[in-house]
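Residue numbers (our numbering), protein chains in the order written: chain X, 16 to 252; chain R, 16 to 252; chain F, 16 to 252; chain W, 16 to 252; chain A, 16 to 252; chain D, 16 to 252.
Mixed in with the good hints, there may be bad ones.
The list cannot tell twin chains apart, which means a pair is met if one copy fits it or any two copies do.
What the hints assert, rightly or not - Distance condition first, Cα-Cα at most 20 Å in a straight line; then the derived DMTMM-like pairs of lysine to aspartate or glutamate:
hint, residue 1, residue 2
1, Lys-238, Asp-219
2, Lys-40, Asp-209
3, Lys-39, Asp-18
4, Lys-238, Glu-214
5, Lys-39, Glu-202
6, Lys-197, Asp-75
7, Lys-63, Glu-23
8, Lys-124, Asp-219
9, Lys-238, Glu-211
10, Lys-40, Glu-74
11, Lys-124, Glu-214
12, Lys-197, Asp-219
13, Lys-197, Glu-74
14, Lys-40, Asp-75
15, Lys-40, Asp-198
16, Lys-63, Asp-75
17, Lys-39, Glu-74
18, Lys-39, Asp-75
Don't read these hints as lab results, they were simulated from the structure.
Please read these numbers as outputs of a predicted model, since none were measured by experiment.
Number of protein chains: 6
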Amino acid sequence: MSDTEIFEIFRALSTATITTVLLKKGLRNVWMRGPQPLQAVDQRYVGKAFTLRFVPAREDLATPASWASPLSTRAAIEDMPVGAIAVVDAMGVRDAGIFGDILCARMVKRGVAALITDGVMRDVAGVLGTGLPVFASGVAAPPSVAGLTFVGWQEPISCGGVAIFPSDLIVADRDGAVVVPKDLVAEIAREAPDQEALEAWIMDEVHSGAPLPGLYPPNAENKARFEMSRAQRRRSH
Amino acid sequence: MSDTEIFEIFRALSTATITTVLLKKGLRNVWMRGPQPLQAVDQRYVGKAFTLRFVPAREDLATPASWASPLSTRAAIEDMPVGAIAVVDAMGVRDAGIFGDILCARMVKRGVAALITDGVMRDVAGVLGTGLPVFASGVAAPPSVAGLTFVGWQEPISCGGVAIFPSDLIVADRDGAVVVPKDLVAEIAREAPDQEALEAWIMDEVHSGAPLPGLYPPNAENKARFEMSRAQRRRSH
Amino acid sequence: MSDTEIFEIFRALSTATITTVLLKKGLRNVWMRGPQPLQAVDQRYVGKAFTLRFVPAREDLATPASWASPLSTRAAIEDMPVGAIAVVDAMGVRDAGIFGDILCARMVKRGVAALITDGVMRDVAGVLGTGLPVFASGVAAPPSVAGLTFVGWQEPISCGGVAIFPSDLIVADRDGAVVVPKDLVAEIAREAPDQEALEAWIMDEVHSGAPLPGLYPPNAENKARFEMSRAQRRRSH
Amino acid sequence: MSDTEIFEIFRALSTATITTVLLKKGLRNVWMRGPQPLQAVDQRYVGKAFTLRFVPAREDLATPASWASPLSTRAAIEDMPVGAIAVVDAMGVRDAGIFGDILCARMVKRGVAALITDGVMRDVAGVLGTGLPVFASGVAAPPSVAGLTFVGWQEPISCGGVAIFPSDLIVADRDGAVVVPKDLVAEIAREAPDQEALEAWIMDEVHSGAPLPGLYPPNAENKARFEMSRAQRRRSH
Amino acid sequence: MSDTEIFEIFRALSTATITTVLLKKGLRNVWMRGPQPLQAVDQRYVGKAFTLRFVPAREDLATPASWASPLSTRAAIEDMPVGAIAVVDAMGVRDAGIFGDILCARMVKRGVAALITDGVMRDVAGVLGTGLPVFASGVAAPPSVAGLTFVGWQEPISCGGVAIFPSDLIVADRDGAVVVPKDLVAEIAREAPDQEALEAWIMDEVHSGAPLPGLYPPNAENKARFEMSRAQRRRSH
Amino acid sequence: MSDTEIFEIFRALSTATITTVLLKKGLRNVWMRGPQPLQAVDQRYVGKAFTLRFVPAREDLATPASWASPLSTRAAIEDMPVGAIAVVDAMGVRDAGIFGDILCARMVKRGVAALITDGVMRDVAGVLGTGLPVFASGVAAPPSVAGLTFVGWQEPISCGGVAIFPSDLIVADRDGAVVVPKDLVAEIAREAPDQEALEAWIMDEVHSGAPLPGLYPPNAENKARFEMSRAQRRRSH
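All chains should be modelled from the sequences, with the hints used to inform the complete structure.
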């Protein structure tokens, strides 16, 4: 499958369904604690992780002057490819905003798909004005250097208690953001749509008044009924 | 008083007033920390507590297979009476959703009045679509078994740092959810409307420009004025 | 500068810009953790801090009877001058509401500009109904005495991990609330508008497609271009 | 009773017993969270509270220069009477030590009985060398001004989530530190020794093999046996 | 294997080794957060879990009078079999001691092997005097009813974020306490001694100066050397 | 100055004094939150930081098999130079031990001076047996892979909320561990001994009964007295 096809499939999969399928493969820790949408969200964002990493502020390092350094958030942004999802390890720090309106506006210009962080944003009115989809732990006025020192990009990071490696797949919707490890992307793309279809059929049954035991998860009889309904639906297309 | 009459009275009492009256009887710990409405709330929900209890996930127990067990959340839901308020002890765990759209849809079918938890919901878009009033600590994509093992229902539980027993009265509004211990329900139903009326009268006085000292709480003179105004209002009906 | 002039200048400065300018002077800890607007905010609130202080509840002190004491929140409110911003140290306690609708209504009557607290409000529907701008850490039903004992006003306090002294300047907007120490107010009023103008010019450049390095912060060339553009704008007025 | 007599009585009462007796009078929140003995403790410390209060550090205020101000911890220490127990509100801050060896040595010189804080100490080796009994939340190297601004003494404070007023009685032992509100001191001094004697008698019964139900708390029969044993003991003296 | 044989095996296995072997079977969450030995520990405690459960205090329930109820901690203790390890779910509450000297003394009389809790103990001097091995989260003076309501025993519980069921095996040493689910006990008893022996052999190699890569975990060559050394040791016995 | 001379100087400087001197240069955030000595400490450890970095566990990465990877803690240890202080970023995770006895024994063999981490150790009895000086946040039985994925060494890290870069100087004593940024080492080595000498002189004055105001910090008169006493002491050598 091409990246485009894969992204298409994941845009139809809720993060809830993705976590269910990953759990069945033994992965329980894939949902990032903290990042919540700052704007109303009625779609799903899918892209490859472009990682950024902060360590705590140290007054000799975390200064406005550091913003001009070649090793700065500015340089990292200029390195982001079109369609990337920026994932920022701010160690959950909630009293210094990692980015404001200017950096977000530049990310939009570069075609970045979304920004995910366990930290917070500053100048939230300006940030929302840029149209960049942002999933963060909240809002704070102070600049990043009040609490954070930027140290690099495209390294393995922690975001919200989850390990993220560059090029892992990120999916974000109203339930927040999850990682699909890059080696599992194709497998999940094949299997998860079945789970999504099953749950949709179960929801229909519940609306028809069916009780839960034997239905969710389905016993043999209900599995058969689901498969039949699915076959019929396919035939009718 | 019948349950219907009691519920009617409590629907007119804010959770703020209920906590004031309970505090005067020595109960300070009746408001659950965590549960906040996930949807816009412009009414009050009243019902008897139907409790559910989780312990932490253990990988040998908390599996998708466990959902088919007779001791499952599914069985608990099928046991909920019409008008109940489900109160779920998730130990404040915020990285695994206790229920998603399917379980909530079934609760609506069974006539459950509301769901209260110190945990979080998953598939929040789907959950809101069912119309079930939900008071929770937030949202997370992963399924319950990623962090929780279900162990039973209609037992004493902790919810948000408050002890809840089956059949205690639960009242929830924009300020969150409070418990009225079942042995105190009749007493509060008799006394709290007076507090509510007094505070409404004080609010009118404030709007007329009265200063607070002597008014809130009222001194003897203001108490007398309140009683007179109340008597006049009754006469005029 | 008169207070009125100073307030006017600060109403045009975002809290994000103010924290940047204060950081350049060595002040990193000026943004209060916790206070977030309870209502939609599309303006900025500026005023002098009027402080209130709570300590934890002790059952012999924190009683409804204490509300009638001369050392009560009621007396403190009657002492608030027009235009003040009340800043309340509730030690970050989130399970007892410091004020409800009646006290907020009285503050509106007295011309208080806004209320900031690291604690929470009760009867949020009623509070919002009064129109008082409130920045708080959330909402809880129980009265203050369930968790707090009021001990005084116009003392130095902690609010959200920040030291606030009476008459410090407070500015609050969608990013929350910051303090400008009273001895630094005039200096910030002189310098911050430059920072605001520079950032607006940089935002225009980003919209025109300029990359970040050399722009933000500006190198010598871009600084010169900004100064020129500013001079032109002034001439054209 | 004189202070000396009262102190004598409390030195024979464990903090566990004191909290039991206070709870029976409706006071549940009297034990300070955080303060633990830094040194081996095999006695009990009793004295009147002398309070000190910090707010968070602000870089314009919390400087080494501030240590020379008349409103400094140094001045507060010079104001402490012999036998006082210093109780320091550090808001639970654990990354800046409130005092080191020099201030503790001076407190010993002034006859201070003990130091209690919800903050931490610095230079712990030096502090222990002074012999001052210290109950604190731990140890940190940085000076107070790295995280704290001192604002005054002999005010009402919070220490470890408990309200402390100047001249309240403080008792500290291996279980930590509790407050006895000054208006309750005489009452507790009269009643608590009975509780202590009863528990000692129950402990003897347990050592003799008695089961707990009916013994702890004692039923009527065991209460009678305890009273008899007590009367015998008194007679035999 | 008899219980006695199994207990014998586990007394020779460190909790560190047990968690390694359980992790290889997919169980990552078996070590209880909080319980640490209150006394010096130079042996290992092994026994079957006897569970107790608390919910938060509610002033109408959590009273000294409740201690006389048939549903009390006293009754639970009288139900504990010889050799049991009491595991107490106190929801991590650290400001009310679950048990003091009297209850611990009775547990010793009944032959209880150890007490594990995510809560804290009171009257620590008295508790240590009873000789009961205790693993707890610390010490607090107030009685359990200041923060907790006891609700039952021999139910599934949470202790330190781990699910514990009655009759699971508990092992505790200086690293704290772990659970071995009862269905896995025999399997771990068979497999873990190999892991322990391997690690002892590796430690010898390290003492002889061997570098870590290829040694820990062992490559094929080192595995063979370990097996040979083990065979020799067996022959020589 | 040579490294040996610098190390010698720092071994005579308490971490308390170092933080005071760094604060006077504007650095407030240099003491690591969490690391405390696991063994009795009566000396000071000084060395250059050798950093290691973990991110959270992900079940596809954090496996016992990963311990054989070239990018493992084992390889990192083999890269540590004699005299280094290993500083390990475990993100403050307290339920998985970063190292046990085997890795610590190997570090001793390689001449590592000490180990500092904001995480915890496992098999604490074994670790203490190796004699490696360890400063950690506590103890837990589970292996690192139960909660952590190792990702690299000699990178900038966070440890206990402090930024640490490879080759920064680390000093650890009973108050915990501090960083001296490498560019400031020489400056601190020159200036801090004066602070240490001044504080020793002040301590003597306190022992002689001098009050604190004017002494600590010293006014002009006391500064002169200190300088004189210092000059005399030098002459007498």
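Hints, one by one, checked against the model:
| no. | hint | verdict |
| --- | --- | --- |
| 1 | Lys-238 with Asp-219 | within (14 Å within a copy, 57 Å between copies) |
| 2 | Lys-40 with Asp-209 | within (15 Å within a copy, 28 Å between copies) |
| 3 | Lys-39 with Asp-18 | neither (24 Å within a copy, 34 Å between copies) |
| 4 | Lys-238 with Glu-214 | within (11 Å within a copy, 48 Å between copies) |
| 5 | Lys-39 with Glu-202 | within (12 Å within a copy, 24 Å between copies) |
| 6 | Lys-197 with Asp-75 | between (38 Å within a copy, 11 Å between copies) |
| 7 | Lys-63 with Glu-23 | within (13 Å within a copy, 46 Å between copies) |
| 8 | Lys-124 with Asp-219 | between (43 Å within a copy, 12 Å between copies) |
| 9 | Lys-238 with Glu-211 | within (14 Å within a copy, 46 Å between copies) |
| 10 | Lys-40 with Glu-74 | between (45 Å within a copy, 9 Å between copies) |
| 11 | Lys-124 with Glu-214 | between (38 Å within a copy, 17 Å between copies) |
| 12 | Lys-197 with Asp-219 | neither (33 Å within a copy, 38 Å between copies) |
| 13 | Lys-197 with Glu-74 | between (37 Å within a copy, 14 Å between copies) |
| 14 | Lys-40 with Asp-75 | between (46 Å within a copy, 9 Å between copies) |
| 15 | Lys-40 with Asp-198 | within (13 Å within a copy, 22 Å between copies) |
| 16 | Lys-63 with Asp-75 | between (34 Å within a copy, 18 Å between copies) |
| 17 | Lys-39 with Glu-74 | between (46 Å within a copy, 11 Å between copies) |
| 18 | Lys-39 with Asp-75 | between (47 Å within a copy, 13 Å between copies) |
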